[in-house]
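**Q** Letter by letter, the chains look like this.
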Amino acid sequence: MPDDIKAIEKLVLTRLLRLNAKVQGVVTGLICGLALFIATNWLVLKGGDIVGPHLGLLGQFFIGYRVTFAGSFAGLGYGFLFGFVIGYSVAFIYNRFLDFREQGHSKELKG
Amino acid sequence: MNQQQCDEKHVVIIGAGPAGLTAAYELAKLEVHPTVLEKGDRVGGLARTEDYKGFYFDMGGHRFFTKVWEVKKVWHEVLGKDFLRRPRLSRIYYDGKFFDYPLKPINALFGLGVWESIRIVLSYLRWQISPYRREESFEQWVTNRFGKRLFEIFFKSYTEKVWGISCSELKAEWAAQRIKDLSLKTVLLSMFLKPKETIKTLIEEFDYPRRGPGMMWNSIKETIEKNGGEVRLNSGVVGIQRNGKGIESVVVGYNGNKETIRGTHFISSMPVTEFVAKLDPPAPPAVCAAAQRLKYRDFLTVCVIVNKPDLFPDNWIYIHDPAVKVGRIQNFKNWSLEMIPDPAKSSLGLEYFCTEGDELWNMSDDELINLSRYELEHIGLVSGADVEDGCVFRIPKAYPIYDADYHDYLAIVKDFVGSLQNYQTIGRNGLHRYNNQDHAMLTGMLAVRNLMLGEKNDLWNVNADQEYHEEIREKIDLAPALETVKEALAETFPKLDRVALAVSTGAISGMVLFLATIILVLKGGAVVGPNLSLVSQYFPGFSVTILGSLLGLGYGFFAGFACGWGFAFCRNVTVFLYTALMQQRAERQLLRKLLEYI
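If you read the protein sequences in the order shown, they are chains A and B.
Residue numbers are given in my numbering: position 40 of the first sequence equals residue 40, and the series is strictly consecutive.
Residue numbers are given in my numbering: position 164 of the second sequence equals residue 1164, and the series is strictly consecutive.
It is possible that part of the hints are untrue.
[Unchecked claim] In the DSSO-like style, the derived pairs of lysine-lysine whose C-alpha atoms are separated by at most 30 angstroms in a straight line are:
hint	chain 1	residue 1	chain 2	residue 2
1	B	K1397	B	K1171
2	B	K1053	B	K1397
3	B	K1081	A	K22
4	B	K1278	B	K1456
5	B	K1345	A	K107
6	B	K1009	B	K1325
These aren't lab readings, by the way, just hints derived from the structure by calculation.
Nothing here was measured: the structure is a model prediction, and the numbers come from that model.
With the hints as constraints, model all of the structure from the sequences given.
**A** Structure representation (structure tokens):
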């Protein structure tokens, strides 16, 4: 048992954190999707002559998205997809970059 | 192992303390008939129970709680219903007042008064802001964690009484060793396994035999004898004969006569220093020199009978008052009512920590009883006139001393002992290790397993200092949980690589800005991307054009890089501070119980 626990300590102190790309994708996706959903409905509830003229510009990238109640669901989906791609990509690149550096480091050691 | 193999073994066990008796008990269960040699007139060793005029006195006060299930099993197998579940209360006496133990900050601050509390807080802040740069002594070590004032009140006096040397001479390494398991790993594990509840239960109650621990050892002795073993009292080992490979026989002194006892295997709980000194032919000079340098602290208990039914509610009290010499006072009636033959009376054990041959040790019994009477009155616990009788028990070699060099000397002795093929050393003094009775018993059990089952248990590694871990372990069996915890820790607490995160966020932000620009350019229109072009207020030169998209790629990369690097930096610092804080908290949690480890 003490050896196992020492191993934990070594692990925590010496290892670099790896990101779980799927988890990071889902989390970022959920945050983006929900943020867009809430932001859209917030403006819808506030109302006014022209509802959410600036947020509506997102429609240029997210086809079909509008600042309406129905649009908020499209925004939820788009936001999730967009966030997922961003989160997943950041984690993926981060992990690959670490692999790349560690490979270089181990080659240096072998050399 | 068959009966013939058992019959061929004659195991001689030196010492009838918890370790030796347990080894004999386990052997007797396996139908091996050991001979146990005890120099004293009763069994139990350092955990024995003395009696005087029908009063039972537990030498040191032994709570029965353990996380070692094998030991727990033996306890209940031997005593069963004779165990009582007792509530625990122990306090600290200082400056005429009683303070809760384990220490509770609010109780301590109220008890000490406003002015003293302010001094403590100021002292704590002063030592947090500017601690000792090097923690070489116990004084520096505690001061850095509690401040000088609290150290002086709650640690200095008692520690110096117990060990007989100044806290400025006692090595910090010793204190660190007492809580050595409480490092980062414990803190991290405790975050997952929440040990607090279990600690609380251990603090509040414990098991205790109706008439003290001696009941356990006497019962074990009877079982050994019933199963064909022999326990010989007043039989001190005066010589140990060895050959090149191991031990051949021991010479026992009994009633002025000497007798040689041969054996095939020897297990000993006698102090390892004495073992080396009694070898014939002698051990190599380097081993003898190393053994002589291992030191012990001794203590004596002045047992007094008080003509009053109720004295105070504690099981024991730590006496921090430097004006008196007594270190700890046991109130045996609060351990078990059956320790006292007459309910109208009480009995106390005043424990004086000393060194064999010093002034206290050499005082006559009458002088010591008078000293106890005076000190009880001085403290205000009992009127001297109420002390009607008393007796004194001296316990040599009660505590192995962990001084600065003991580790090196012990390593030499350990190597030599390891070279003796048919010999195993066990118990607190056999291993020169500050083991409690449960761990001492475990060494006896493991020695038997080594002998009978051919296992390779390292008795020197049976650790007395794992209580905190064990408390955590009791909550959840770590073995199956450990892998999961390990994975969780590995995925949660390691550092984020700043450059890697910077590069990845940089790449993604650059790409997002690039794609957003390109999409708008491709869509075209009278005015292309009027809103996105506002980004140029931060990124000079950026425009919603093909060229601008490339510029945006670069700008996005740099902005993302800076954000990613900053995020990783802040996250690493926060995790570091958080774990440091958790470690400090957990350290304090344990330090509140430090007196028990002292």
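**Q** With reference to the structure, classify each hint as holding or not holding.
**A** For each hint, the structure was consulted:
Taking the CA atoms of K1397(B) and K1171(B), the gap is near 20 angstroms; set against the 30 angstroms cutoff, the hint holds. Only pairs whose Cα atoms come within 30 angstroms are accepted, and K1053(B) paired with K1397(B) is accepted, the gap being roughly 26 angstroms. About 57 angstroms separates the Cα atoms of K1081(B) and K22(A), which puts this hinted pair outside 30 angstroms; it is violated. Proposed proximity of K1278(B) and K1456(B) is supported: the alpha carbons are some 27 angstroms apart, at most 30 angstroms.
For the proposed pair K1345(B) and K107(A), the alpha carbon gap of about 80 angstroms is over 30 angstroms, so the pair is violated. Between K1009(B) and K1325(B), the direct Cα distance comes to roughly 49 angstroms. Violation of the 30 angstroms bound is thereby established for this hinted pair.
When the structure is compared with the earlier hints, violations turn up for hints 3, 5 and 6 and for no others.
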